[in-house]
Structures are given as C-alpha cells and as structure tokens.
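Work from the hints to combine the two standalone chains into their complex.
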Amino acid sequence: MEYAIKTTGLTKKYKEITAVDDLNLEIRNGELFSLLGVNGAGKTTTIKMLSTLTLPTKGDAVVSGESIISSPNLVKERIGVSPQETAVAPSLSVKENLTLMCDVHGLKKDKAKEKIEELSKALDLESVMNRKAGKLSGGWQRRLSIAMALVSEPKVLFLDEPTLGLDVIARSELWDLIESLKGKTTIVLTTHYMEEAEALSDRLGVMKNGRLLFTGTVKEMKEKTGAERIEDAFIKMIKEAK
Amino acid sequence: MKSLALSTRTAKEILRDPINLFFGLGFPLILILLLSTIQKNIPVSLFEIENLTPGITVFGLSFMSLFAAVIVSKDRESALLSRLYTTPLNSFDFIIGYILPLIPISILQSIICYIVAIPFGLKPSVGVIMALVGNILVSLFFISFGVLCGSSLSSKQVGGICGALLTNLSAWLSGVWFDISLVGGVFKAVANALPFIHAVEMERALFSGNYEGIGIHILVVGIYTLAVTLLAILMFLRQMKNK
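Chains as they are written, first to last, in my numbering: chain F, 1 to 242; chain Y, 1001 to 1243.
Isolated chain Y, as found in the complex (with noise of 0.2 angstroms):
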C-alpha cells in the first residue's frame, strides 16, 4: 500500500510533463509515421512494418531509462527523499515506487505504436501479445538504468548519460534502422555485446512466431535486465544510506 502510494505519485509526476509525452509517446509514434512513408516510395524493402515496429517498442522503451533517472535525480537534489525517509516508507517501497509504475506506462506505449502501425500494414495477431510480454522484460531493463543513473548522477548528467547516449546506444547498436551485419567488423562485435540487438531480435521473433534462435537473445537481455536491475538497487539503497 506505501509502494502504492509512491508509484501513483511518481506515474503523475511523469505523465504530467508534457516532454515526457512527447518523447515517451510522440517521438517513437513520429518515426513508424515517417520510416513507414519511407517504405512506400522506395523500391526496396528497407522499413517493413513488421521488422519495424517491433524494434520502434524497444526503442522507445530507451525513453524510460530518462523518466526514470530525471525523476530519481530530481527527487534525490531536492529535499522531498530526504522527508520520505523519515517516513515508515522502507527501501523496499522506494525501489518499487520508482520502478513499478514505468513497467505500464512501457507497455501503454508499446501497445499505441502497435495500433499505429496497423494502418500501415500491420496485421494484429497473438505475436502483439507475445512481444509485449518480451517488452516487459526489456522495459526492465531501461528502467532499472535510469534508476540507476538516478541513483548515482545529477540531473544534468542523467540527461546527457540516458537523454543522449543510451538512446544513441539504442538506435545504432539495435539493428532497428538498418542490418547491422551490413557494417559488420568492430561495430557488430560491440552490437552483440550489448544487449539492444539482442532486445530487436528477441522482440521481431516474438512478434513473428519463429522463434528459431530466440534463446540467446533472451539469455542476453535477461542477464544484462538482472544484472542492472541488482546494480540499481545497490545504489539507491548506498545513496539512501549515505543521505
């Protein structure tokens, strides 16, 4: 109930900034409008709604890595964590009340680029559900980043860290826009130590129903989700003990 109590507080403070919405709904909205266009007037096959959207979700899941960290950042600089610590809130409830409401407000905007993506050719099918199951796994991942970029940055800095560079990371390294083996080399080495690729690929298999090789994909977002997930915690939890 105090969890509770903490993740409808941080829901609205996020869902109430209308640059939040703009890049956590518009932005990835914007780029199936304008990729899709693309397709049509192009000959060759180069954003295909069906490749393509599924990797627009994950891409957008990048954004709540930025809600996430601005929000924590923001709460540690001013004086109200300092108040809910003397409160009978415990660490459980603040890591919950940070992380639990961005795992709806990830799948909300996952479930509109679908819609969006169906006048443009996209069949809805169980493969929707199924992608936005993986999704959940994945928006853990970039929630518990911003939780943890939170935890250890200023607020100016988790703009340049989550704001800039992860969602960078995110759209060259994920194979969303173009085929990675295209570059191959160094670049594809790095793509697939990282977990983004590996999020697309496991996301366009869920989607699609073949799920030839969806293991390793799997294997790598779940161990990087995990991973960052205890690391977000250890932080917080040594920045509450040092507050």
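One chain only, chain F, in its complex shape (with noise of 0.2 angstroms):
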C-alpha cells in the first residue's frame, strides 16, 4: 500500500510540554483524512510538522515519499497548505494573491495564467477576482486561503480548520468544495466539527494530549464506542482515554 503520509514515532515538545507524542500514523493516497480532537490536543502541532514548517523533537514522517527532516523543500514542493487563520495578502487583489503563489512556486507565465482560470472557475471566484482580499468576508476569504494552496497542484493538502467562525451556509460551501476536491488529491483536514468529519472523511484519527487514542471510519468509531452520534462516540473516548 503507498501512502501519502506514515509517521514514525513523530514527537513534540516544548520544554516540558509534549505536544505530540509518539504518533505512528498512515494516510493512503487521495484519501481525507479528519484529525479530531480537543483544544491543545496537537492537531495543528501534527499539521506543523507535516508541513516542515516545525523541527519535530523526534521521529520522522515521510510526506509523499520525502522525509520531512531531510527533504524539507522536496516535501514543500509537494504539499499545499490552508493554516488556521486567514491567510492572505490584504492589500492584494484575489488574482494578485493567486499570482504570488503561482509566482513563489516558480510557475511559467502561461501556466501561472491557466492555473489561475482552473482555480477561479473550479473554486466559484471569477465574481471576486478584482476585490481586495482584506475587503471579502470571512467565507471567501477561506476559499481564497484554499485556491492558494491548490496553486502548486500538491498531492497532500493540509487544512487546519478550514470552517473555523464561518456561518452556515459559508461552511456548507466549504464542505461541497471539500468534497469536490476528494480524490484528486490526498487531504488532510484537522476540525472541532463532528459533522463536517463525518460529512467529509474517509477515515479519521482521534487525538487527546498528543497522543493518537483511534484511526478508522466513523462507522468503526462509532462501533467501538457504541454510540449512535459521532459526538457521542468522541466525547466517550475522549473520556475515558487517560
């Protein structure tokens, strides 16, 4: 079996915090992947590493079959990633912030151009292309953040929260988009939503101070636990994890 992702005993601290502990873990390839857990759990510290944007303190990962520790750049050709907080140049344009990405990524004219009417049109924002990113509201602003990572056409995409203060129907667009990207490319999404990883995942791992508690599908978490709910099932394992 490839896999996109596999974790070796990937550990964390900070001084006397383990922020992750010894976490073994494998993603197949195009599969979502939903990592669930409390605040302080070490979802978005995982997230770090994977995305060589954090040293781990010990063990390794290897993303799309480079090591995170020796090949940081090759890995950071490879991935895209959507952090938890907005991430856009304010000032800029919608098409000037997906022309820094195409640009940074080292993209050709021509290519830069056709990415950018791909992802435009395929992320609903032809309407928007001209407006200041600062000026969007938060929905578009996410779906900014998500056509910025999709420029590089990473095989792993890293979504920290993508959801995150959005109203209802800001998120449900966001899942549809979600949902239109499975497949093409391996994601890996980090969420405090229970319905958004059931609504999404293929499979999910659950977290608890660092420390991976389950890997599996939600019908297989919730069998384990004997829960009807998927909040139920989580809040039992989390509760009964020491």
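Calculated directly from the structure, the hints in this document are not laboratory data. Predicted model, so just to flag it, every value in this text is computed and none were measured. Beta carbons: idealized from backbone N, C-alpha and C, even for Gly. Do not rely on the hints blindly, as some may be mistaken.
[Stated by the list, open to error] Straight line, CA to CA, 20 angstroms or less: simulated PhoX-like cross-link-like pairs of lysine-lysine:
1. F:Lys135 x Y:Lys1002
2. F:Lys113 x Y:Lys1002
3. F:Lys95 x Y:Lys1012
4. Y:Lys1074 x F:Lys135
5. F:Lys132 x Y:Lys1074
6. Y:Lys1002 x F:Lys111
7. Y:Lys1241 x F:Lys15
8. Y:Lys1012 x F:Lys132
9. F:Lys95 x Y:Lys1241
10. F:Lys58 x Y:Lys1012
11. F:Lys108 x Y:Lys1002
12. Y:Lys1241 x F:Lys13
[Unchecked claim] Partial pick of chain F residues on the chain Y-facing surface, computed with a CB cut under 8 angstroms:
13. Leu25
14. Asn29
15. Thr86
16. Leu100
17. Leu107
18. Asp110
Rendered as structure tokens:
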C-alpha cells in the first residue's frame, strides 16, 4: 500500500510540554483524513510538523515519498497548506494573491494564467477576482486561502480548521468545495466540528494530549464506542482515555 | 524570480496604504514647503534650501523603517508568513523580498523632495545624483532597522519604536533643523555617537560637492548599516526558525 503520509514515532516537545507524543499514522493516497481532538490535542502541531513548519523533537514523517527531516524542500514542493487563520495578502486582489502563489512556486506565465483561470472557475472566485482580499467576507477569504494552497497542484493538502468561525451557509459551501477535491489529492483536515468530519472524511483520527487514540472510519468509531452519533462516540473516546 | 514575486507584493502592500503615502511622501514635502516659507520671512539663514533638502531626504527615509517594520510584523502575526514558509521560498528570498522593494521607494521619495525644492531655490546639479546614491546606503540602514523591529516586535510595538521613537531620534539628533553644536554637551556627544547626524552631513557633502571630512560620516553610516542589516537578517532567520 502506497501511503501519502507515514509518520514514525513523531514527537514534538516544547520544554516540559509534549504537544505530540510518539505519533504513528498512515494516511493513504487520495483519501480525506480528518484529525479530531479538543483544544491542545496536538492537531495543529502535527500539521505544522508534516508541512515542515516546525521540526519534530523525535521521529520522522514521510510525506509524498520524502522525509520532512532530510528533504523538507522536496516536501514543500509537493504540499499545499491552508492555515488555521486566513492567510491572504489583504491589500492584494484575489487575482494578485493567486499570482503571488504561482510566482513563488515558479510557474511560468502561461501556466500561471491557466492555473488562475482553472482555480477561479473551480472555486467560484470569478466574481471577486479584482476585489481586495482584505475586503472579502470570512467565507470568501477561506475559499481564496484554499485556492492559494491548490496553486502548486499539491499531492497532499493540509486544511487546518478550514470552516472555523464561518456561518452555516459559508460552511456548507466550503464542504461542497472540499468534497469536490476528494480523490484528486490527499487531504488532511483538522476540525472541531464532528458533523464536518462525518460528512467529509474517508477515515479519521482522534487525538488527546498529543497521543493518537484511534484511527478508522466513522462507522468503526461508532462501533468501537457503542455510540449512535459521532459526537457521542468522540466524547466517550476522549473521556475514557487516560 | 521567487524573491521578485515577494518584492512585488511588498511594494504593492506599502504603496496601496494611503497613510503610508501621506507619511512617506506628503510629510517630508510639507516640511520643505513650510520651512522654506519660514526662511523667506526671516532675516537669518536658518533653513537654507541647499542645507535643508538633503537633511529632509534623510528624515523622510526614517519612515521606511516604519513601513518595513509594520509589514514584517503584520505578516508574522497573520498566517501569511506561515503559508509562505511552506512554499519553496528560501530565507534569502524572504530577506530580499522585504528589503529590496523599499530601496526604489526610498529613492523615489528623495527624488520628489529634490524636485519640490527646485521652486524654492534649489539648483539642480550633479550633486543631486551623488546625494541620491548616498541615500541608498541610508535607506538600507532604515529599512534594515525596520526589518529588525518587525522580526522581533508586535505590530503595535513597532508603531511606537519606529513610528515615534526612531522618527523623533532622527529628527532631533540629526542636525536637520538646527546646529547640534549650539546645544553641545551630552546632546552633541549622543548625536555624534548615532548615525543620523552623520547621514545628514554625508548627504549635505555629497550634494554640495564639498567632500572634505566626508570619510568619517560614510564610515559611521556604513558601520551602522552593516551591523543593523546583519542583525535584521539574524533576527528574521531566528523568528523564521521559531515559527
């Protein structure tokens, strides 16, 4: 089995605090994997390590065939990241933000133009292409943020809390968008919303205090805990974990 | 190419902010207009345009620190830098991306100051070109100082340090408005230990073509620029690693 991500004993310590503890995780090519956990569970730190933003204290991870420790630059060429907070240049237009990402990824002019047209259509950004990113609503900014992460045609896409703080309509629209990306690229998504994980994930992982408690499908999670709803299954799993 | 992409973005972010345009261009021009008008109405030589303009260009460059500091600190606080750190950009691209675009903006600011000074009696000469060349060094000092502050302080703090403290230091301790020797004592000693007065004297010498004693001014400004630029690069790389 080819894995898009395989971590081996991945650990991150900040002085006395262990943010991620001996994480062994395998994510298959093309699947959408959700990382669940309460605040401080280690989800964002895991994403930061996998996306080369921070070095692990111990262990390693292979992302799209390359080690985050020995070949971080190769990993960077194969991933796209949409961080937790909206990461757009506020004074640039939507088109200019996309152009910026094309240029930093070294896309030639023709290819960049083609990519911008393709993404603006796919993410329904055409009507706001010339508007300044800083003036857009939260939902549009998240949409742009994801488009910026997709510019490099990443093999692995990290979406850290992509719908945090969005209203119900904007969230639903983003779900449709994420759904449309499934299968084309491996997606790792962190979320607090159980219904989001249930609606989108092929498989999910539950973290608590930096440790991975469970990996499997939503159905397996419910079966394991005997709960009917994913939220109850999650709460039971977290409460029972020592 | 990649650093150029970041440079273009930095320039757009700065030039599209009307407050930046007011302080970067408007404020130095207002000072030239105001002080030249005062000079016309007083019997003593206090704000002679040949002395005033090179000094104002140096003072104007102090705003570049604020621009650089604000954009770096805001990028650090937003998730934009985190996103860019996950792209193939390297540390060199980032340093160039923040410093490079501010140099032509600085020179443009100085050119506008010299043009505005012409109706007030400034005679265009080869000295203007020499002074503009000198301003590249001075602008590098101020930009690097901004990158240094932006890499280590919050966007609120840089407003105080670069917007208030630095502009006041470069105003009062540079000899642009009055002769520091008239105050003397500790004030003069402090002014001489800092680069601002040397930057102004260097610019006045380059503009007038009287290069006597210019060596010490170039040396002081050069040492400060080198030290601050190295510190700025180190601090930026440190926060990049911490991120």
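**Study point:** Holds or violated: Lys135 (chain F) to Lys1002 (chain Y), with C-alpha atoms at most 20 angstroms apart
**Key:** violated, 26 angstroms
Review point. Would the hint on Leu25 (chain F) stand, with a C-beta cut-off of 8 angstroms toward chain Y?
Key: violated, 19 angstroms
Review point. Taking the closest Cβ pair, is Leu107 (chain F) under 8 angstroms from chain Y?
Key: violated, 10 angstroms
Practice item. Using 8 angstroms as the Cβ threshold, decide whether Thr86 (chain F) counts as touching chain Y. Key: holds, 7 angstroms
Review point. Quick one, are Lys1241 (chain Y) and Lys13 (chain F) close enough, alpha carbons at most 20 angstroms?
Key: holds, 15 angstroms
Check your understanding: Regarding the pair Lys113 (chain F) and Lys1002 (chain Y), is the alpha-carbon distance no greater than 20 angstroms?
Key -> It holds: about 17 angstroms lies between the C-alpha atoms, which stays within 20 angstroms.
Review point. Taken at face value, is the distance from the CA of Lys111 (chain F) to the CA of Lys1002 (chain Y) at most 20 angstroms?
Key: holds, 15 angstroms
Practice item. With a cut-off of 20 angstroms on the C-alpha distance, tell me whether Lys1241 (chain Y) and Lys15 (chain F) pass. Key: holds, 16 angstroms
Check your understanding: Taken at face value, is the distance from the CA of Lys1012 (chain Y) to the CA of Lys58 (chain F) at most 20 angstroms?
Key -> Answer violated: Lys58 (chain F) to Lys1012 (chain Y) is near 41 angstroms, above 20 angstroms.
Review point. Does the interface hint hold: is Asn29 (chain F) within less than 8 angstroms of chain Y, judged Cβ to Cβ?
Key: Constraint on Asn29 (chain F) not satisfied, violated at 20 angstroms.
**Study point:** Pairwise hint evaluation, Lys1002 (chain Y) against Lys108 (chain F), where the allowed Cα distance is 20 angstroms at most
**Key:** holds, 11 angstroms
Practice item. Given the hint that Lys95 (chain F) pairs with Lys1241 (chain Y), test it: the Cα-Cα distance must not exceed 20 angstroms. Key: violated, 30 angstroms
When the structure is compared with the earlier hints, violations turn up for hints 1, 9, 10, 13, 14, 17 and 18 and for no others.
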